[in-house]
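Residue numbers (the working numbering), protein chains in the order written: chain A, 1 to 472; chain B, 473 to 671.
It is worth saying that the hints were derived from the structure and are not from the lab.
As the structure is a computational prediction, the values presented were derived from the model and not from experiment.
Hints may be right or wrong, so weigh each one.
As the list claims (entries may be wrong) - With a cut-off of at most 30 Å between alpha-carbon atoms, the simulated DSBU-like pairs for lysine-lysine come out as follows: (1) A:324 <-> A:11; (2) B:599 <-> A:167; (3) B:661 <-> B:650; (4) A:441 <-> B:608; (5) B:596 <-> B:474; (6) B:474 <-> B:608; (7) B:503 <-> A:316; (8) B:599 <-> B:474; (9) B:596 <-> A:316; (10) B:635 <-> A:316; (11) A:247 <-> A:266; (12) B:534 <-> A:266; (13) B:503 <-> B:661; (14) B:608 <-> A:324; (15) B:564 <-> A:324; (16) A:91 <-> B:503; (17) A:11 <-> A:167; (18) B:661 <-> A:11; (19) B:596 <-> A:91; (20) A:73 <-> A:366; (21) A:4 <-> B:596; (22) A:254 <-> A:266; (23) B:534 <-> A:167; (24) A:324 <-> B:635; (25) A:399 <-> A:73.
For reference, the chains in residue letters:
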Amino acid sequence: MQSKPRTIIEKVWDSHVVAEQEGAPCLLYIDFHLVHEVTSPQAFSGLREMGRTVRRAESTFATVDHSTPTTAKSLPIVDQIAATQVEQLGKNADEFGIPYFGFHNENNGICHVIGPEQGLTQPGMTVVCGDSHTATHGAFGALAFGIGTSEVEMVLATQVLLQRRSKTYQVQVDGTLKPGVAAKDIILALISRIGIGGGTGCIFEFTGSAIRALSMEERMTVCNMAIEGGARAGLIAPDETTYQFLKGRRFVPKGADWDAAVARWKQLPTDEGAVYDHSITINADELEPMITFGTNPGQGISISGLIPDPAAMTDKLERDSLTKALKYMDLQPGQPLAGHPVNVVFVGSCTNSRLSDLRAAASILKGRKVNPGVRMLVVPGSQEIKRQAQAEGLDEIFKAAGAEWREAGCSMCIAMNGDQLAPGQYSVSTSNRNFEGRQGKGGRTFLASPMTAAASAVNGVVTDVRTLLGVK
Amino acid sequence: MKFESRVVLMPTDNIDTDQIIPARFLKTISKVGLGDQLFNDWRYLADGSPNPEFVLNQVESKGAEILLAGDNFGCGSSREHAPWALTQFGFKAVISTSFADIFKANSLKNSLLPIVVSRDVHAKLFKMRAADSGMKLSVDLQSQRLTLPDGESVEFPVDSFSKACLVDGVDEIGYILKQLPAIEAFEAKRIGGLNTLVA
Ligand code: SF4
Numbered sequence: 001m002q003s004k005p006r007t008i009i010e011k012v013w014d015s016h017v018v019a020e021q022e023g024a025p026c027l028l029y030i031d032f033h034l035v036h037e038v039t040s041p042q043a044f045s046g047l048r049e050m051g052r053t054v055r056r057a058e059s060t061f062a063t064v065d066h067s068t069p070t071t072a073k074s075l076p077i078v079d080q081i082a083a084t085q086v087e088q089l090g091k092n093a094d095e096f097g098i099p100y101f102g103f104h105n106e107n108n109g110i111c112h113v114i115g116p117e118q119g120l121t122q123p124g125m126t127v128v129c130g131d132s133h134t135a136t137h138g139a140f141g142a143l144a145f146g147i148g149t150s151e152v153e154m155v156l157a158t159q160v161l162l163q164r165r166s167k168t169y170q171v172q173v174d175g176t177l178k179p180g181v182a183a184k185d186i187i188l189a190l191i192s193r194i195g196i197g198g199g200t201g202c203i204f205e206f207t208g209s210a211i212r213a214l215s216m217e218e219r220m221t222v223c224n225m226a227i228e229g230g231a232r233a234g235l236i237a238p239d240e241t242t243y244q245f246l247k248g249r250r251f252v253p254k255g256a257d258w259d260a261a262v263a264r265w266k267q268l269p270t271d272e273g274a275v276y277d278h279s280i281t282i283n284a285d286e287l288e289p290m291i292t293f294g295t296n297p298g299q300g301i302s303i304s305g306l307i308p309d310p311a312a313m314t315d316k317l318e319r320d321s322l323t324k325a326l327k328y329m330d331l332q333p334g335q336p337l338a339g340h341p342v343n344v345v346f347v348g349s350c351t352n353s354r355l356s357d358l359r360a361a362a363s364i365l366k367g368r369k370v371n372p373g374v375r376m377l378v379v380p381g382s383q384e385i386k387r388q389a390q391a392e393g394l395d396e397i398f399k400a401a402g403a404e405w406r407e408a409g410c411s412m413c414i415a416m417n418g419d420q421l422a423p424g425q426y427s428v429s430t431s432n433r434n435f436e437g438r439q440g441k442g443g444r445t446f447l448a449s450p451m452t453a454a455a456s457a458v459n460g461v462v463t464d465v466r467t468l469l470g471v472k
Numbered sequence: 473m474k475f476e477s478r479v480v481l482m483p484t485d486n487i488d489t490d491q492i493i494p495a496r497f498l499k500t501i502s503k504v505g506l507g508d509q510l511f512n513d514w515r516y517l518a519d520g521s522p523n524p525e526f527v528l529n530q531v532e533s534k535g536a537e538i539l540l541a542g543d544n545f546g547c548g549s550s551r552e553h554a555p556w557a558l559t560q561f562g563f564k565a566v567i568s569t570s571f572a573d574i575f576k577a578n579s580l581k582n583s584l585l586p587i588v589v590s591r592d593v594h595a596k597l598f599k600m601r602a603a604d605s606g607m608k609l610s611v612d613l614q615s616q617r618l619t620l621p622d623g624e625s626v627e628f629p630v631d632s633f634s635k636a637c638l639v640d641g642v643d644e645i646g647y648i649l650k651q652l653p654a655i656e657a658f659e660a661k662r663i664g665g666l667n668t669l670v671a
């Protein structure tokens, strides 16, 4: 029997439907639930109040990352409120028997970094976390999306979620990235084209030769920011690159089980002839390094571009919103962003804190110095990445250049842990959100790739990395 | 759920959850006390005093239960602290042309109605509100209708299941747990395919 061709999104969805009743949302089974300290305490309290328990502690995994300091691990957590929150997750994990990579665990790190690193995230799984960047795990061909605290409680108690199907949205990226252009530039370019609400109600599937050519780490960068395009999730079908990355990792199947798993995973890619609800194509050959100028991730331009002019917009609300953004950023329309002074450079976050990101930044900093007017922080995504980077001497390159080399965590991506901008300061940041105050009240963020960030740190102004690479 | 209220106007697109409740207030382990921090960075000046130019600090906002905002309200982070802060401040509904998916789901779980209206109705509401700061709208969840002061009444979409939960006060987790046999049967079928993270 020939069944209807399906996308990978539909395949993963269909294989997780426990029950579907007319008019009611699906009961969608969840394979893997990541829990962190910020969005879970109220969920655990809810369980206690109702006398409920965690149904499958073995499918749940907890870590602390958001409010933890990135200074030396030997120091106590000074912020008492943060310390309480961190401690609370430890207690909750203990009480409910959930595996936990606590603050002092050698594998502690950002939840979306350690899941894949430990082989916890696998193709064809459903993955949730009380965190919108759960989309990151989609790089493995998993259906991964962020949920709120009520839903965290729901998954803890039942291992299913009540969900309606999303629309499918193909993002086809063909061609070859030029030197100086990174995976981050693909996703920033997409969001600048469709806007931050462009993918609302949808799940992206990233396809095309430029996506196939990406490493797993680069794929995670792309999927990570699916939510910044408004999508619930973004995924990439697994292939040899995926299997090679996963093989031998701690939590992946071994031996004959591995072979069986790979055979299953090979059924996942979208069938020939499957239809998407929406689609867009991007030509990788034409992409330049991207940078944001405004207060949402959709307000991006290529590094050689000009800041747009609100006067050119016809819709009043859109015009007012852009005017408001430029006022907050204290930028003039019609000007280039390249050459704009920078106070802080942040390399880190679940978007760009993996080994290849650190290598990219280090390759620019090697033999150069961070401009004396700039504070540069390099924050690895996990303790494991930190060790790997140190084993290849990247830490020495950063320190010799004058950058700060930190412990793992979310750090200045969300500025909950004391790593933050002062009011009015400008940063070039490899994180994913440039919302007002995201990196500290009054702080102003330009989002870019690790290469662009490192180049800007060297020059002390927003810089086209290609000028340092000698390709422009 | 049926009410009539004055309207707070926030004519900005893409109001993200970092504005609704900045991240530094998420270190709490409780749900309460977030109303005071709603829109903190717009609402208070550097010295902590209320910013007189911000709409929530103006007399006309006192007691208003409806927030009228620009497109794509609630984008960004999945923090449920956003609807907690909005409801604790006193809002019962937000009107926009669209909402971010996670925010919408979170709101419905906290009795905060995300009301989607067409661009035309949205523009009309903005105009009417600009002309009359005391404008009142009425909202009826049962009939899914928003009624304007001139008598025009528009229907707004609400997920039928969420509506039933709101109207009847259904405990969603309890609803799922009643279907436990189906979940267990599903798991039994998938043994081997099931991921077990504890080796
Ligand atoms: S690094 Fe930033 S975006 Fe990623 S999980 Fe941490 S706070 Fe969220």
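Results for each hint:
no. : hint            : verdict
1   : A:324 <-> A:11  : 43 Å, violated
2   : B:599 <-> A:167 : 33 Å, violated
3   : B:661 <-> B:650 : 19 Å, holds
4   : A:441 <-> B:608 : 34 Å, violated
5   : B:596 <-> B:474 : 22 Å, holds
6   : B:474 <-> B:608 : 13 Å, holds
7   : B:503 <-> A:316 : 37 Å, violated
8   : B:599 <-> B:474 : 24 Å, holds
9   : B:596 <-> A:316 : 13 Å, holds
10  : B:635 <-> A:316 : 33 Å, violated
11  : A:247 <-> A:266 : 15 Å, holds
12  : B:534 <-> A:266 : 59 Å, violated
13  : B:503 <-> B:661 : 38 Å, violated
14  : B:608 <-> A:324 : 28 Å, holds
15  : B:564 <-> A:324 : 27 Å, holds
16  : A:91 <-> B:503  : 18 Å, holds
17  : A:11 <-> A:167  : 13 Å, holds
18  : B:661 <-> A:11  : 17 Å, holds
19  : B:596 <-> A:91  : 52 Å, violated
20  : A:73 <-> A:366  : 27 Å, holds
21  : A:4 <-> B:596   : 45 Å, violated
22  : A:254 <-> A:266 : 17 Å, holds
23  : B:534 <-> A:167 : 40 Å, violated
24  : A:324 <-> B:635 : 36 Å, violated
25  : A:399 <-> A:73  : 18 Å, holds
In summary, the numbered hints that this structure violates are 1, 2, 4, 7, 10, 12, 13, 19, 21, 23 and 24.
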